[in-house]
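We have chain A; now place chain B onto it with these hints.
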Amino acid sequence: MIDRTTGPRPESRARLRILLLAEEAAGAQVLRMIAERGHVVVAVMTSGAARPDSPSPVRDLAERLGCPCWPAEWVRERGFSERVRAADVDLLLNVHSLYLVPGAVLNASRLGSYNMHPGPLPEYAGRNPVSWALFRGETTHAVTIHRMVPEVDAGPIAYQASFDIEERDSALTVSVKCVQAGVPLIARLVDTAATNPAAIPAIAQNRSRRSYYGRDVPQGGQLIWPRPARDVVNFTRACDYVPFRSPWGHPVGRVDGRQVAVVKATRTGVRCAAPPGAVSDVVGGAVRVACADEWVLVHRVLTDGQLVYASRTLRPGQQFETENGGRE
Amino acid sequence: MITQELAGLRNQIAALFADVLKIEVPSHDTNLLATGLLDSLGFVELLLQLERRFGIHVEMESLEPEDFRSIESIAAFIEAQRQAVG
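Quick mapping for you: the protein sequence lines, in order, are chains A and B. Following my numbering, the numbering of the first sequence begins with 1 at its first residue and continues without gaps. Following my numbering, the numbering of the second sequence begins with 1 at its first residue and continues without gaps.
Hints should not be assumed to be uniformly reliable.
[Said to hold, decoys possible] Ranges of calculated distance between the beta carbons of each label pair, as one might list FRET restraints:
no. : chain 1 : residue 1 : chain 2 : residue 2 : range
1   : B       : E5        : A       : D191      : 23 to 33 Å
2   : B       : E79       : A       : D191      : 41 to 51 Å
3   : B       : A7        : A       : R312      : 46 to 56 Å
4   : B       : A84       : A       : P150      : 54 to 64 Å
5   : A       : E73       : B       : E51       : 35 to 45 Å
6   : A       : Y212      : B       : A84       : 29 to 39 Å
7   : B       : A84       : A       : G137      : 57 to 67 Å
8   : B       : R82       : A       : D191      : 42 to 52 Å
9   : A       : E82       : B       : G55       : 52 to 62 Å
10  : A       : A199      : B       : E5        : 55 to 65 Å
No lab work stands behind these hints, which were simulated from the structure alone. Where is the CB? At the ideal position from N, CA and C, for every residue including glycine.
Chain A with its partners taken away, still in its complex shape (with noise of 0.2 Å):
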């Protein structure tokens, strides 16, 4: 039986065998990387496996590159571990599978499993760290290439590429900088197993330095009027994956009973006395509502399930309800 640990090591091998766990774009990237360099991909587990009707870029490309796919739930399955014995896999990378890996699975393969956390460890482990981000305000975030473990995104960092989230930043397009910087990192990975797998870094996290987000949605997913106007835009930027499904919804207040979604707002710098709640005049199809300490653009509001400019819905004079989660 070969010891796992001290076995044969894979310096000799040209090509490593990668099993790749992935979805999206993001995956389909990274399949299309170790397709080029050369490696044997023993499979591509993806959701579209077992759903040949809806797309799947993942699926698509494997499928074009000839590399076998297999559901993506089979990992959950009793005895996978045995498969990815049989099956001889150096490595195993996740991006952006929606599958937790079970221990035995993760330490099923040579070099260990990696994945890829949109998001910097171990400050932001968990669930959607980018949204997470810009609702605290942060003005940098990184993504992470870390170790698989039993716990949920607190494996030794290999590595880490940190960038600016700008003003403009949405939900979206920080998740796009984070699969930007994260692909070559993946790459840097696996060139470094295949070549000299020691020198993969493994940088324990500082466990006191981490924070575990849930499923849960902040404050209940209201807007607080009564905050300062960077709080409530940044939000909104939390939730703005347009014209995808944000995970969080979008922000909601009431006028006149009514439930109103916020899906798109900016500051103004503007500094403001009204009432906070109050909406002020019409800006093109934007209005303006007053937070704190200064006005925000409102633009983009989703109302009856319709997504529609601010003026189609808001109207000078209304004012969002506040003693309902509205009052700090």
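This is chain B only, laid out in the frame that chain A set:
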């Protein structure tokens, strides 16, 4: 009836999807968002390419998802942007 110019625009956009974004779109009226053919990464790359190739600018604040629903609607959006400018 669509103009020759609009038809040409649709073909250029279809080529952009196939050659640059590596997305095979079955037809010009395929819903790119609802089908999941276009994800966040592809969408941002699409915006960059549209700005670069067709000289338009997309304001994120006023971004209208309907404008990016299909190759047909993207072509109509570009056409409208060009007419607004020129």
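Consistency of the hints with the structure:
no.	hint	result
1	E5(B) x D191(A): 23 to 33 Å	47 Å, violated
2	E79(B) x D191(A): 41 to 51 Å	45 Å, holds
3	A7(B) x R312(A): 46 to 56 Å	33 Å, violated
4	A84(B) x P150(A): 54 to 64 Å	55 Å, holds
5	E73(A) x E51(B): 35 to 45 Å	39 Å, holds
6	Y212(A) x A84(B): 29 to 39 Å	48 Å, violated
7	A84(B) x G137(A): 57 to 67 Å	35 Å, violated
8	R82(B) x D191(A): 42 to 52 Å	44 Å, holds
9	E82(A) x G55(B): 52 to 62 Å	57 Å, holds
10	A199(A) x E5(B): 55 to 65 Å	56 Å, holds
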